[in-house]
Amino acid sequence: MANPVEGKQVLMRIVVDLNRCEGYAQCAFLAPDVFTMHGEEALMYTPHADDAQREHVVRAAAACPVQAILVDQWADQRADEPTVAREADVHVG
Amino acid sequence: MTSGTLLRQITDYANRADPYPLYAELRKTPVARQEDGVYTVSTYWEILSLLHDPRLSSDLRNRTPQPGCALPVEEDPGLPVSFIRLDPPEHDRLRRLATRPFGPPKTPRRIFNMRGELAQMISELIDGFQGRNQVDLVEDFAYPFPVTVICKLLGVPRQDEPRFHVWAEAIVAALDPNPAEGPAERQRASDQARSELGLYLAELIEEHRRTPGEDLLSALALDHGPDGQMTSVELIATGVLLLIAGHETTVNLITNGMLTLLRYPDVLKRLRDDPGLAVPLVEELLRYEPPVQLLPQRTALADIDIAGTTIPRGAPIWLVLASGNRDPQRFSDPDRFEPERQDNQHLGFGSGIHYCFGAPLARLEAQLALTELARRLGNPRLVNDPPPYRQNPVLRGPRHLPIAFDDLSA
Amino acid sequence: MSVDGPSQAFKRHGRIVIVGASLAGLRAAETLRKEGFTGSLTMIGDEPQEPYDRPPLSKQVLLGRMPADGAPLPRRCAIDAQWRLGVAATGLDLVGKRVRMADGEEVAFDRLLIATGTRARPWVKEAEADLDGVFVLRTSGDAVLLNRRLTARPRRVLIIGAGFTGSEIASACRERGLEVTVAERGPAPLVGALGGVIGAVAAELQRAHGVDLRCGITVTALEGDPAGRLTRAHLSDGTALDVDVAVVALGAMRNTEWLAGSGVAAGPRGIACDAGCRAFDVHGIVTDDIFVAGDVARSPHPLFAYQFLSLEHWGNAVAQAEIAAHNMIASGPDRLPHLWVPAFWSAQFGVNIKSTGVPTMGDKLMITQGSLAEHRFAAAYGFQGRVIAAVTFDQARWLDFYRKLIESAAPFPLDFANVDRRPEGLRPVPAEFPDPSLPSHGPTVTLSGYSPSDRRVTFTPAHA
Ligand SMILES: Cc1cc2nc3c(=O)[nH]c(=O)nc-3n(C[C@H](O)[C@H](O)[C@H](O)COP(=O)(O)OP(=O)(O)OC[C@H]3O[C@@H](n4cnc5c(N)ncnc54)[C@H](O)[C@@H]3O)c2cc1C
Ligand code: HEM
Ligand code: SF4
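Chains A, B and C supply the protein sequences, listed in that same order.
Read left to right, the first sequence gives residues -11 to 81 (the working numbering).
Read left to right, the second sequence gives residues 446 to 855 (the working numbering).
Read left to right, the third sequence gives residues 305 to 768 (the working numbering).
These are calculated hints, taken from the structure and not from any lab test.
Bear in mind that the values here come from a model prediction, so they are computed numbers and not experimental data.
Think of the CB as a built atom: it goes at the ideal place given N, C-alpha and C, for glycine as much as any other residue.
Keep in mind that a hint or two might mislead.
Here's a subset of chain A near chain C, in silico, CB distances under 8 Å, partners left out [to be verified]:
1) V3
2) H26
3) G27
4) E29
5) M32
6) P35
7) L58
8) V59
Label-pair restraints from in silico Cβ distances [what the hints assert, rightly or not]:
9) B:T450 - C:L640: 38 to 48 Å
10) B:Q774 - C:A412: 41 to 51 Å
11) C:P637 - B:G561: 57 to 67 Å
Could you build all of it, start to finish, from the sequences and the hints given here?
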């Protein structure tokens, strides 16, 4: 589908439940290009990542001691997603 | 059976190979006063809650002396306790200082960038199996690997290992809470070892100060941040902590891992076909066979009401992580090893402010090691099951793990 | 079709419409599917994008770490919905069970979830709000515009209102090396949400990071040049500031206008619903088929004296959406109450601020761990002899302990010994909330009394 992020192919969408997050930084150790700590405890992350990051993001999500990281794989959801784009186009246009 | 005898049974070496039925027994009273005044906490939610409870101290100086229980021996005035045994704010300050050169936010890539090196070390160790059909996984792999890693990380010469190996053994032996085995002696031996290791590290740190390397000890010795700098003795105590923690835990994770995989050959096969399985599998190992079985160091700073019991101020508390990990109230089918278990918030690395400092490193080490062992060993099998275990009920794992195999892939 | 009694048929063939395709709407849709709803599902959202996450808009996005349109929310499962994005719902026919849309179409439903959230409160004077350089921040579109302007390195950014969003924007601007003035009517930043004691720490943080923080002040006028570009702001102390960007961060307004005259108890304070997320009608009678979740909802909470809470919190949107969705396809005793203990976070000036409970209810507080001076502490709020809320600055790992104290109505003051209790933490002090009748910036938790519907039974839109 049309990609929201500057033409790059986005394959993973990420959201962290920062209410759950206790700032253990496991994610920031294991996928430093996606998850970074801002100060000692505040997590800032990029909510999307491409295939090159997959291995690291999966590691990070598995390691989170409070399981606060939700990742979906766009590839897995192709059947669902194009509908979004098509219908959005129809109704925006 | 009284719960008092239960505690003895847990520390009893005869039950080392399979303590889990005892933990199940223990969970019948989630928070139980044992006969020597120790309060055991064995259920998941209670352990988790106490790990986040500021009324618990990790500092033994807050403990009321218990009759029949070893007194915390006076700390060596020359070498202060390390942050694993301290409370905030000192704990937080020292941990922040130690984290600066080790991880985020200041050094986010140190561990990440070690991946190649770790893989290299693993390859070399497995190459060393060449021409053999049987190895002792502990002696030939699971021990030397993390030791090489922690030496590299800290900047400790690998060839000095035989020296500090002896000290490390003596130090962790004191963690064994078995009251029947002369705790006072063990504590003395441990203190002795700790100060010898301290002296050794002090010398090494001086060297690093003069000619700094890329390693952690150099960085810690020279670093200046918002929290200032560690004092020399704080630095030595931290060095001792990291060396021991990096030494005596990961070995058990890898060994327990291989043992479990050999008991579940279908999982071993799946790992061989799909290296990605290593990621959830290691989490499940940390739940199913946690290298740190229990935390015997906590003390109540106030009376704490929990699960229908009041733990009185000053009482020693044992948080039995390995039991919480098998709590059926939290994990479905807890005695089953399920490498792809969902929502696996195990207690293998603890939780709260003392959450394992080295966890990212330990995870990578175990993931890479188990993947490579699974890939390269042809038809591996256990020589004896159960294998002989180490004495220690806290840092639990096999002493030896003989594995036979047909051949070795490249 | 009838949805009374055993709702198996409804679960299989029912028609559910969700208005508001953002966090609450999406999480509700997922929950419906995960819990076995196989009927038709329509998602109506007036934003053109698929659901995305807002918190990064004032943090990562303004720091230039990610594009403003880069945060589509991950899915927990396939939703298989009819998406009607980019089109607003304009009316609700409660009796005929239909939602009217801006494009003239109507969609019929058996059950409806309203998750239309809030929008940024605009600058009061419309002509001034239209000046080039005056921004609000609520949507990814807003963030694109603001970020573009910040990238052009304005000489000075004025932030009007020092609530969480305003403070986060100020933090991002400082990190980008921009000059920032923050104008706040109250005595300190965050006072509306956390009180004056904690607000003073927030003020210290701002000043330590080079923010020109002016409290007890309002912006009286924004002035533009003939080309319509913002050039100057006038303050209530008689001074003026040369600025080329002003961000209006005065809180949020609930998106309820589309329900005018529908008979649902919707007003400027949100849509009143019961603890099971069922909306009240204007007579205060609970409806069977209309549910509410997220920022737009106000619902009673037993832990907080059954007061109606309006929570503009990410976590509330998720938790309430899950409960609403569950209840939409459950019946009778299977229905669940929304008993989530409020919680939120904010990251600003490198500090992780987290809170649980309802701080605004607290009249006293105690610094139970750490110290204000170090900007690292945990504080507990007390109300009528019990713990009602807590906040941590860079001490998040302890917060769960306080949540349990709140849940168990633990006595306040906290007189037990614990690690890192300093002398300053031995005695409670007044929490110093400003008079709620004089809101300085939109607090994100509002206590809105006990009545299911607002006192006014007829709905009067706040703005035309
Ligand atoms: C900049 C920013 C930073 C934030 N940071 C934090 C934070 O750090 N921590 C925290 O806890 N919370 C934070 N929040 C709050 C959090 O994002 C909200 O609580 C959350 O988005 C609420 O979700 P919702 O789905 O209820 O409402 P919304 O996200 O407001 O979604 C409502 C949707 O409905 C649409 N809509 C409205 N009317 C109609 C209509 N008539 N027809 C069709 N569609 C309609 C809207 O356009 C919108 O897409 C932040 C919010 C913002 C804006
Ligand atoms: C599989 C391997 C490991 C396991 C299972 C493990 C387990 C644990 C546990 C359970 C704790 C909590 C102790 C407490 O709460 O009192 C802990 C703390 C700690 N671990 Fe590990 N550990 C492992 C590897 C490592 C490694 C490799 C290092 C060093 C690089 C390390 C360094 C530490 C330190 C310094 C602490 C103290 C943290 C603090 O007090 O803040 N660990 N570990
Ligand atoms: S690992 Fe989990 S808890 Fe730790 S910072 Fe990342 S998201 Fe937060």
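Check each numbered hint from earlier against the structure, then list the numbers of those it violates in ascending order. Violated: none.
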